[in-house]
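Visitor: Listed below are the residues making up each chain.
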Amino acid sequence: MPAISLAKAPQPAATNPAQIRNFCIIAHIDHGKSTLADRMLGITEVVEARNMRAQYLDRMDIERERGITIKSQAVRLPWRSGIDGQEYILNMIDTPGHVDFTYEVSRSLAACEGAVLLVDCAQGIEAQTLANLYLAMENNLTIIPVLNKIDLPNAQPEKFAAELAKLIGCQPEDCLRVSGKTGDGVAELLDQIIAQIPAPTGDANAPARALIFDSVYDAYRGVVTYVRVIDGHLSPREQIQMFSTGVRHEALEVGVISPEPLASKGLGVGEVGYLITGVKDVRQSRVGDTITTYNNPTKVALAGYKDPKPMVFSGLFPLDGADFPVLREALDKLQLNDAALVYEPESSAALGFGFRCGFLGLLHMEIVRERLEREHKLNLISTAPNVVYNVTMDDGKEIRVTNPSEFPDGKVAVVNEPIVKSTILAPSEYIGTIMELCQERRGILLGMDYISEDRVEIRYDLPLAEIVFDFFDQLKSRTKGYASLDYEDKGEAEGNLVKVDILLQGEAVDAFSAIVHRDKAYAYGVMMTGKLRELIPRQQFEVPIQAAIGSRIIARESIRAIRKDVLAKCYGGDISRKRKLLEKQKEGKKRMKMVGRVEVPQEAFVAALATDADIEKVKAARKAGQ
Amino acid sequence: MTTSFYVHIPYCIKRCGYCDFNTYTPSELQDGATLEIVSNDYIDAVLKELNAAPLDEVPTIFFGGGTPSLLPADDLGRVIAAIKVRNGLAPDCEITLEANPDSVTAQKLARYLEVGFNRISFGMQSAKPHVLATLDRTHNPENVKRAVDMARAAGFKSISVDLIYGTPGESLDDWRETVENALALDIDHISAYALIVETGTKLAAQIKRGDLTMPDDDLMADMYLLVDELCEARGFTWYELSNWAKPGHECRHNIAYWKNNNWWGLGPGAHSHIDGKRFWNVKHPTAYKEKLFNNQTPIHESEVLTKEQVASESIMLGIRMREGLAVSMLEPRQLELLGAYRENGYVELVEDRVLLTPVGRLIADRIVREITF
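Those sequence lines, one after another, are chains A and B.
Residues 1 to 626 (this note's numbering) are what the first sequence spells out, left to right.
Residues 1001 to 1373 (this note's numbering) are what the second sequence spells out, left to right.
Hints are computed from structural coordinates only; laboratory data are not their basis.
Cβ coordinates follow ideal geometry from the N, Cα and C atoms, glycine included.
Take the hints with a grain of salt, since some may be wrong.
As the list claims (entries may be wrong) - Lysine to any residue pairs mimicking SDA-like chemistry, simulated, CA-CA at most 20 Å apart:
{"id": "1", "chain 1": "A", "residue 1": "Lys586", "chain 2": "B", "residue 2": "Ile1255"}
{"id": "2", "chain 1": "A", "residue 1": "Lys520", "chain 2": "A", "residue 2": "Gln474"}
{"id": "3", "chain 1": "A", "residue 1": "Lys569", "chain 2": "B", "residue 2": "Ile1255"}
{"id": "4", "chain 1": "B", "residue 1": "Lys1307", "chain 2": "A", "residue 2": "Leu582"}
{"id": "5", "chain 1": "A", "residue 1": "Lys580", "chain 2": "B", "residue 2": "Ser1314"}
{"id": "6", "chain 1": "A", "residue 1": "Lys569", "chain 2": "B", "residue 2": "Thr1306"}
Unchecked claim - A short, non-exhaustive set of chain A residues, derived as facing chain B with CB atoms under 8 Å:
{"id": "7", "residue": "Asp320"}
{"id": "8", "residue": "Gly321"}
{"id": "9", "residue": "Arg442"}
{"id": "10", "residue": "Ile444"}
{"id": "11", "residue": "Phe541"}
{"id": "12", "residue": "Ile562"}
{"id": "13", "residue": "Arg563"}
{"id": "14", "residue": "Lys564"}
{"id": "15", "residue": "Val566"}
{"id": "16", "residue": "Lys569"}
{"id": "17", "residue": "Cys570"}
{"id": "18", "residue": "Tyr571"}
{"id": "19", "residue": "Ser576"}
{"id": "20", "residue": "Lys589"}
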């Protein structure tokens, strides 16, 4: 067997860089990356068969359940090449596959010399994979194209080999064929990684330079920092220094992931591993920073990364107002591990106290919320997501708006909104449908290419706000699930945007305001006033509901005054029952929010603002509370 | 101090689709049994229960159900006689019988008068056959007039009919016809109730399945305003939310409920209210009889009302009546809340009393919720 026992394999800090290969796997969510990784752990025998479990490297429950990878991981795999019979150390750096986590992908790429491009040969390449592939090619990584799931009955390896060859500029026969499920071709893939991907180079005698590519908070050990050593050497008990801040720490432990953390005597040139300094906040061990030694510091930092910036904002409110401190604590904890998460306290007349949170994208938002709910036992309501607007007033004053209710009322000169460059891959029969959707969403066509005879790549500039508003769901449903989407930040552009306010009895309700394109303001107004008419119970007087841009009313509805709220019969035996019923109804009334003189049930706010899932949850909570 | 009596007769020949009252058909109680078999010792049980009741003089007795007119007049008469002997009846004691228009005869009616009844209330519900069919009622609408005339001829001084509005499929015109039909009868009193869909009834199942659709609140409200208008025009004055009477024919028994007087309910599932304590009997007739024949109390549960509950109930019940609420029984906060309703035409202040207007009566529960509990 080409596996080498850990004890006999080259040891960390004592491995010749020529024996090291650092690679990552680029793949779409369900293209089998975790299964292939499991198989690699198995055949290299770093995980014993009896300890093996599916998606071994996905540590969070959410990762396993959703079949996605959120945080990067780096595993050291010893392997004896089947080609030259030599011993090697393969460092597999796991990467997330979702557009929201592109910044994590770019970190992983910077720590590697090569990438395995893994594509499900029943589905073909997806837009996000393509984006990551381009990123890897820009970073001059060696690409090894691999078709996965060759065991599937509907596999089309020839078709997708041709597609990959065209994208990368190789021959279709260069595409390896594997099955993560059966293990077919996995040993050959490891051999090819060794044969094709260059060994890392670096100066062992130069001052130490290591790139931080991930930083994870562990409740027991504090921050665990993942590094790739470029030059020099890192040793335990040594004083290390963060290049950007000059802050000094002691490296309490240095080690490799194998795939459990394994303390080592250090890390040498080209090696990938972790270090622990005892700091408690990931921001003190910033991703992209360069680590050097205090005694012999480097003068030149490694190229870092752009800080991820929040693109999507949403208010998170605890269903039970008393949970506000719990939510604050939970967000603080989560941020230890997720530098991309930003938040600040917010209060809403409708929903009480909560936080306005910034996320990388919709999936990031969903995952944060799910973790808050699951790991911190919180019941949350989230408001409809929105993007950031930069508003310039006539007097030149600039205002950054992350919450529609902050949109200024005065004379607005220009409103800028974030634009993304989006790439959509789909079977060519859906070109018309996709173009129609993108036009509806204010898209500007950039170009279109056939990536194979019946699959196209369509590129559009789109306002991010349009993507945030159910674009992906629409794309999937209109293309029977075949289209995939990727997008990247492309700065901002002026938009013909207005704030639509919703007024109850003439009073604007902050939570219902939205920033929309002028052409869609009327539709939004009609939709929201109609929705509220259904959701708000009839009051003792007629309640007008209006949608307005500034002082101009664009849509109106009214809730007619209540006509009947009485039980006709009330005789002897009914009296107790009736009293109890009224007492109970009075309890329900306490959940009403007063907006001016109008009683609005909290459910109405939720239903008007939130997702269907939220509405179900509120109903369930009400039921349990009764 | 006086104590009114309610006597529950928990038997019906057939259960109506909308009804969730505590009543049973003979075969529900005992396979293949007749009414005579299941009810033969029922009055004995009621008389045993009577032993526990207060000995105050009795201003009103009301026989409800179920269908009290199913039992022989002499059986019901035994209860009246026992109360008379034990407590003594007030000189003007009102004694009401609920009756099915189909199950009365001139002979039976005469006998009811002889045993002491002086007021009769017929379950008319509707004049429209399609409405009666939806309600699952068996009687022929023409029998109502016959029954009312027979009752008058027999000598009943006070005659009432019960009506139901808001049945699925009933139009405002259907309802107008029903009310006019009722007002054309030789009666002194009308009760009109909005149909309530009670869970577990056949009607509830039909609505859930989508076979029937309940009218919306606006139609219900219009129906209420219509019956109020028609009754008032014919000299029937509203004196409680769902009740209209010619002067002097208000049901004094029901007024006792609404004024929180003392009253004792005899029979399974019957409720009592004595001096701020409410209690109620075991529900099933068999269990009820068993308890009593084993010399146990049939009381199932009881509650002693707190001061706040007594106050809330007084408002809840009082506001439904023509006299409304005395300003003196309301706190400033409550009066302030009522101010908005007054502005919107739901309540009015007449001298020192807060009264509901017709549209206010339609949202009485909402108002009560807002100012109490």
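Visitor: Work down the list of hints and note, for each, if the structure agrees.
Guide: Evaluated hints:
1. Proposed proximity of Lys586 (chain A) and Ile1255 (chain B) is contradicted: the alpha carbons are some 26 Å apart, above 20 Å.
2. At most 20 Å may separate the alpha-carbon atoms for a hinted pair to count; Lys520 (chain A) and Gln474 (chain A) meet this at roughly 17 Å.
3. Between the alpha carbons of Lys569 (chain A) and Ile1255 (chain B) the distance comes to roughly 13 Å, so the proposed pair stays at or under 20 Å and holds.
4. As the CA atoms of Lys1307 (chain B) and Leu582 (chain A) are separated by approximately 17 Å, the hinted pair is consistent with the 20 Å bound.
5. In summary, the hint linking Lys580 (chain A) to Ser1314 (chain B) is supported, as the alpha carbons are separated by about 14 Å, within the 20 Å threshold.
6. With a CA separation close to 24 Å, the supplied pair Lys569 (chain A) and Thr1306 (chain B) exceeds the 20 Å bound.
7. With a least beta-carbon distance of about 23 Å to chain B, the hint placing Asp320 (chain A) at the interface is violated under the 8 Å criterion.
8. Contact between Gly321 (chain A) and chain B, as hinted, is not supported at the beta carbon level, the nearest pair being about 22 Å apart and thus beyond 8 Å.
9. With a least beta-carbon distance of about 41 Å to chain B, the hint placing Arg442 (chain A) at the interface is violated under the 8 Å criterion.
10. With 8 Å as the threshold, the beta carbon of Ile444 (chain A) stays out of range of chain B, its nearest partner Cβ sitting at about 49 Å, so the hint is violated.
11. A least Cβ separation of about 5 Å between Phe541 (chain A) and chain B falls short of the 8 Å threshold, and the interface hint therefore holds.
12. A hinted interface residue such as Ile562 (chain A) counts as satisfied when its beta carbon comes closer than 8 Å to some beta carbon of chain B; here the least separation is about 6 Å, so the hint holds.
13. Checking Arg563 (chain A) against chain B by beta carbon gives a least distance of about 4 Å; that is within 8 Å, so the hint holds.
14. Among the interface hints, the one on Lys564 (chain A) holds; its C-beta lies about 4 Å from the nearest C-beta in chain B, closer than the 8 Å criterion.
15. A least Cβ separation of about 4 Å between Val566 (chain A) and chain B falls short of the 8 Å threshold, and the interface hint therefore holds.
16. For Lys569 (chain A), the shortest C-beta to C-beta distance to chain B is roughly 5 Å, which falls under 8 Å, so the interface hint holds.
17. Against a cut-off of 8 Å between C-beta atoms, the interface hint on Cys570 (chain A) holds, since the closest Cβ of chain B lies about 7 Å away.
18. Look at Tyr571 (chain A): its Cβ gets to within about 6 Å of chain B, closer than 8 Å, so that hint holds up.
19. Interface restraint check for Ser576 (chain A): the shortest CB-CB distance to chain B comes to about 6 Å, inside 8 Å, so the restraint holds.
20. The restraint placing Lys589 (chain A) at the interface with chain B holds, with a minimum CB-CB distance near 7 Å, inside the 8 Å limit.
Consistency with the previously given hints fails for numbers 1, 6, 7, 8, 9 and 10, ordered from lowest to highest.
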